[in-house]
Amino acid sequence: AQSVTQLGSHVSVSEGALVLLRCNYSSSVPPYLFWYVQYPNQGLQLLLKYTSAATLVKGINGFEAEFKKSETSFHLTKPSAHMSDAAEYFCAVSDRGNQFYFGTGTSLTVIP
Amino acid sequence: DAGVIQSPRHEVTEMGQEVTLRCKPISGHNSLFWYRQTMMRGLELLIYFNNNVPIDDSGMPEDRFSAKMPNASFSTLKIQPSEPRDSAVYFCASSIRGGGVSGELFFGEGSRLTVL
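Taken in sequence, the protein lines are chains S and X.
According to the numbering used here, the first sequence is numbered sequentially starting from 1.
According to the numbering used here, the second sequence is numbered sequentially starting from 1.
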């Protein structure tokens with residue numbers, strides 16, 4: 001079975017500081033991994049995805065994530081937070097079949 | 001190309017009324033997912049279709065909920081009769097799945113349902 005755990009339902013950072021959102025997964029097969037962002041009153045938008053190519057994946061808006069098989073992690077980072085990064089972030093794993101499994105989300109607050 | 005299109009964007013109805021939410025997936029996508037999002041329960045998968053066939057409806061809350069996908073370009077989620085606890089944002093998402101391809105989900109803007 002596949003599952004996703006996002007550590008920290010709420011994360012606050014100062015503008016300009018490093019953003020680190022944690023995601024750990026479990027999967028019985030080599031997974032596909034995704035990060036989505038949701039702004040208020042909008043749908044989920046893909047930030048980046050890992051599909052067994054390079055382990056360091058770069059996404060939109062300066063975000064990147066590193067797939068670490070030994071740690072079963074896929075943490076999302078951004079070197080310098082911007083006010084516009086304030087949103088809900090979801091990690092998801094796919095088992096290469098039809099199913100997607102989403103984490104419970106992390107709400108990011110950026111303090112000016 | 002147009003994204004996933006959902007209608008209505010907002011629906012306010014009274015308890016007991018029938019509600020129908022509609023979704024047009026991205027052309028060429030063969031999988032369609034219905035999710036429900038609430039503050040209490042987060043993002044829940046209700047049902048998903050592959051090539052217009054329901055694959056897993058174990059997330060459908062109860063018999064009051066039904067979903068159909070009569071063709072590759074249209075799906076509906078119906079609630080009859082509606083109850084206040086059905087108030088949520090309902091998302092439709094589509095994807096290209098199968099054959100070793102596990103594409104990402106593309107989400108619509110959601111339908112915000114309020115049942116009074």
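Worth flagging that the hints you see were computed from the coordinates, not collected in a lab.
Be a bit skeptical, because a hint or two may be false.
To be verified - Each computed SDA-like pair below joins lysine to any residue, with the alpha-carbon atoms no more than 20 angstroms apart: (1) S:K49 with X:K24; (2) S:K58 with S:S28; (3) S:K49 with S:N61; (4) S:K49 with S:T104; (5) S:K49 with X:P61; (6) X:K24 with S:S28; (7) S:K58 with X:K24; (8) X:K24 with S:Q42; (9) S:K49 with X:V53; (10) X:K78 with X:S58; (11) S:K49 with X:I96; (12) X:K24 with X:E14; (13) S:K58 with X:E104; (14) S:K49 with X:H29; (15) X:K78 with X:E104; (16) X:K78 with X:I96; (17) X:K68 with S:Q42; (18) S:K49 with S:E66; (19) X:K78 with X:T38; (20) S:K49 with X:E104; (21) X:K68 with X:V53; (22) X:K24 with S:D85; (23) X:K68 with X:I26; (24) S:K58 with X:K78; (25) X:K78 with X:G103; (26) S:K49 with S:E15; (27) X:K78 with X:P61.
* Asked: Of the numbered hints stated previously, which ones are contradicted by the structure, given in increasing order?
  -> 1, 2, 5, 6, 7, 9, 12, 15, 16, 17, 22, 24, 25 and 26
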